[in-house]
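Given chain A, work out where chain B should sit, using these hints.
Quick mapping for you: the protein sequence lines, in order, are chains A and B. Be aware that the first sequence starts at 395, since it is given in this note's numbering, and climbs by one per residue. Be aware that the second sequence starts at 318, since it is given in this note's numbering, and climbs by one per residue.
Heads up, a few of these hints could be off.
Think about it this way: if two alpha-carbon atoms lie no more than 30 angstroms apart in a straight line, the pair counts; the simulated DSS-like pairs of lysine-lysine are [what the hints assert, rightly or not]:
| no. | chain 1 | residue 1 | chain 2 | residue 2 |
| --- | --- | --- | --- | --- |
| 1 | A | Lys453 | B | Lys715 |
| 2 | A | Lys453 | A | Lys508 |
| 3 | A | Lys474 | A | Lys453 |
| 4 | B | Lys416 | A | Lys508 |
| 5 | B | Lys638 | B | Lys416 |
| 6 | A | Lys508 | A | Lys474 |
| 7 | A | Lys474 | B | Lys715 |
Each pair of labels, with its calculated beta carbon distance range [as the list claims (entries may be wrong)]:
| no. | chain 1 | residue 1 | chain 2 | residue 2 | range |
| --- | --- | --- | --- | --- | --- |
| 8 | A | Pro451 | B | Ala637 | 33 to 39 angstroms |
| 9 | A | Ala511 | B | Ala537 | 31 to 37 angstroms |
| 10 | A | Thr472 | B | His514 | 52 to 58 angstroms |
| 11 | B | Ile573 | A | Thr472 | 46 to 52 angstroms |
| 12 | A | Thr600 | B | Glu579 | 47 to 53 angstroms |
| 13 | B | Asp643 | A | Tyr574 | 18 to 24 angstroms |
Rather than coming from a laboratory, the hints here were simulated on the basis of the structure. We treat Cβ as the ideally placed atom computed from N, Cα and C, and that holds for glycine.
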Amino acid sequence: MNFNPEQIRALLTAIDPSFSSLSEEELAGLVDRPTAPRSPDSPISRWQDRIIQQLIPQKGSVLDLGCGDGQLLAGLMTTKQVRGQGVELDPQAVMQCVSRGVPVFQSDLDAGLKGFADQSFDYVVLEETMQTLRQPLDVLREMLRVGRRGIVSFPNFGFWQVRLDLALRGAMPVTHCLPYRWYDTPNIHLFSLDDFLGCLPQIHATVLESHVLAAEGIRSLQPNDNIFAQEVLCVLSARD
Amino acid sequence: MSDSASAPVPRRPGGDPPDSPGSVGMTCARTLQLATGQNPFALEMGGSVGPIHVEYETYGELSPGRDNVILITHALSGDAHVAGWDADAKKTGRLWRLKHPGWWDDIVGPGKAIDTSRYFVLCANFLGSCYGTTGPMSDNPATGRPYGLSFPVVTVGDWVQLQARLLDALGIDRVHTVVGGSLGGQQALEWALAFPHRVERAIVLAASPRLSAQGLAFNAVGRQAIMKDPHFHDGDYYAIAQPNHGLAVARMMAHITYLSEEGMHEKFGRRRRRQQRSGFGVEFEVESYLDHQGRSFVERFDANSYLYITRAMDYYDAAAKWGQGDLVQACRRIRSQVMVVSFSSDWLYTPAQCREFALALCRAHKPVTYVNVPSRFGHDAFLVENQTVGHLLHHFLKTPPPGSS
Numbered sequence: 395m396n397f398n399p400e401q402i403r404a405l406l407t408a409i410d411p412s413f414s415s416l417s418e419e420e421l422a423g424l425v426d427r428p429t430a431p432r433s434p435d436s437p438i439s440r441w442q443d444r445i446i447q448q449l450i451p452q453k454g455s456v457l458d459l460g461c462g463d464g465q466l467l468a469g470l471m472t473t474k475q476v477r478g479q480g481v482e483l484d485p486q487a488v489m490q491c492v493s494r495g496v497p498v499f500q501s502d503l504d505a506g507l508k509g510f511a512d513q514s515f516d517y518v519v520l521e522e523t524m525q526t527l528r529q530p531l532d533v534l535r536e537m538l539r540v541g542r543r544g545i546v547s548f549p550n551f552g553f554w555q556v557r558l559d560l561a562l563r564g565a566m567p568v569t570h571c572l573p574y575r576w577y578d579t580p581n582i583h584l585f586s587l588d589d590f591l592g593c594l595p596q597i598h599a600t601v602l603e604s605h606v607l608a609a610e611g612i613r614s615l616q617p618n619d620n621i622f623a624q625e626v627l628c629v630l631s632a633r634d
Numbered sequence: 318m319s320d321s322a323s324a325p326v327p328r329r330p331g332g333d334p335p336d337s338p339g340s341v342g343m344t345c346a347r348t349l350q351l352a353t354g355q356n357p358f359a360l361e362m363g364g365s366v367g368p369i370h371v372e373y374e375t376y377g378e379l380s381p382g383r384d385n386v387i388l389i390t391h392a393l394s395g396d397a398h399v400a401g402w403d404a405d406a407k408k409t410g411r412l413w414r415l416k417h418p419g420w421w422d423d424i425v426g427p428g429k430a431i432d433t434s435r436y437f438v439l440c441a442n443f444l445g446s447c448y449g450t451t452g453p454m455s456d457n458p459a460t461g462r463p464y465g466l467s468f469p470v471v472t473v474g475d476w477v478q479l480q481a482r483l484l485d486a487l488g489i490d491r492v493h494t495v496v497g498g499s500l501g502g503q504q505a506l507e508w509a510l511a512f513p514h515r516v517e518r519a520i521v522l523a524a525s526p527r528l529s530a531q532g533l534a535f536n537a538v539g540r541q542a543i544m545k546d547p548h549f550h551d552g553d554y555y556a557i558a559q560p561n562h563g564l565a566v567a568r569m570m571a572h573i574t575y576l577s578e579e580g581m582h583e584k585f586g587r588r589r590r591r592q593q594r595s596g597f598g599v600e601f602e603v604e605s606y607l608d609h610q611g612r613s614f615v616e617r618f619d620a621n622s623y624l625y626i627t628r629a630m631d632y633y634d635a636a637a638k639w640g641q642g643d644l645v646q647a648c649r650r651i652r653s654q655v656m657v658v659s660f661s662s663d664w665l666y667t668p669a670q671c672r673e674f675a676l677a678l679c680r681a682h683k684p685v686t687y688v689n690v691p692s693r694f695g696h697d698a699f700l701v702e703n704q705t706v707g708h709l710l711h712h713f714l715k716t717p718p719p720g721s722s
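Looking at chain A on its own, in the form it has when it is part of the complex:
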């Protein structure tokens, strides 16, 4: 790295003043952090699932868009007796859903939720998928048509480590939450927490509650989280 610690401190302090009090060791640690993808077994992995487990009421109904291997729905169907329905495109993930006994509808989300009835689910979940969609706003609109509530989670490209990566290395960021390289990432629409909140008026949506993954763990959204949140989960509803 060609930057000296004081230059890095200046950069970070420009992002947020609280960084000015970091020691040199702390600064060095930030720059040389490991970039390996986190393992699915690590305690912060699928933190969104635990929040969603708490949010969904007994015997509710949940449509999980991009449901992957069906783990979230399988859990909700067992513990909360929900009416669960997954939507997934990947054939291997679809087969895993079938083997878990999770009802799965094989479909491309960008093809839309056409055919799903208005307000036919209590919750429509879009976990870590929005940044992979061609038309994310259309899918968000459809979520709030089909569901009474939407639950959206996404990586925050405004997170300070992401900014630092691009600034210092001049390369596309690779972090625990963004474990891909530029050429193999499924993420085609990169956005920050502020970008997301800024688009909500366009789709007449409002945030009911938010949770973030930050350095200190899982907590509620705070004002500076466009800088400090790695991942965000928002519960949305249509604005009256």
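Quick look at chain B alone, frame taken from chain A:
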């Protein structure tokens, strides 16, 4: 696809010999009388038939709780001989069965996707067919001669009602799963609609709740080929020669709808059997294939049955029958776990039609599994893509019954 460790191994085409561990072995069909002349079976379109004999086969053991029944519903040209080798093929004159095991032998057998060491598997030949169940070639008790076109019109609904009567006779109340492809898939759907509390799981392969206009058109031309054959004699041909030419043409044309453009190109291309041109005889390999399909079909099928069965296929419309034209309303009746499987190159029951059916289940607040299997084998894929279909069946059969979660 995934989870290959626990899933059954696909079998090579041609089938397992009867003494191999994956085969159900030598099979004997049974016949049961389910209606009499005095107490005939009433039909959906009016009229009745009696007596009715139904030919069926079973594999595996019925569990003490009678909760392991898998009902297989066969397609247009299918029969009750699903798996294994017919011990009575010579006796009944069904000589083609000496060369081939049952039509779903790759899927049904000990350790296979539909595991006969675990499930009691049952399949019955449907009414109007020509494989042992009463149909147009059976004797009309009123005349002592074959019914021919005096056989009444039968429907998919009649087939399902008669299968239910067979289950009653065997002391089976609920089925673990009903599964079928194509016209068999429509019976599986009809089962879930007509007997919601008797079906725990329904698997519909390569079928939709009704045939498209294009499908109706192909059936119409097939029937015309048969009826315009000089040997047809208004269906009263049993004492003379069969309308083989018309039946063969009907089968050839139907076979085109079972393949895909891509699959045909790959299998035959523009290859010729002979180098030089020979007028209008069979010259291209694809012609030869269709010619063979037509010829072998007339050895094993009855032309009148073909008329009756394609008409049943035309008439079936689940939305009209159970939802006053509204498929979603019809689907609200269903209490089974449902899996719908389409095949990407199927242009008879297209992925779009299958998807629409699956969406109707969603709209009716029913859980549904819908899978579109990539395949170049067209409609036939449901009998060809055995590895994928086998995996899907193997896993879906373990889905908890409705109301258990």
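Practice prompt. Enumerate the violated hints, using their earlier numbering and listing them in ascending order.
Written response: Hints 4, 5, 10 and 13 not satisfied by this model.
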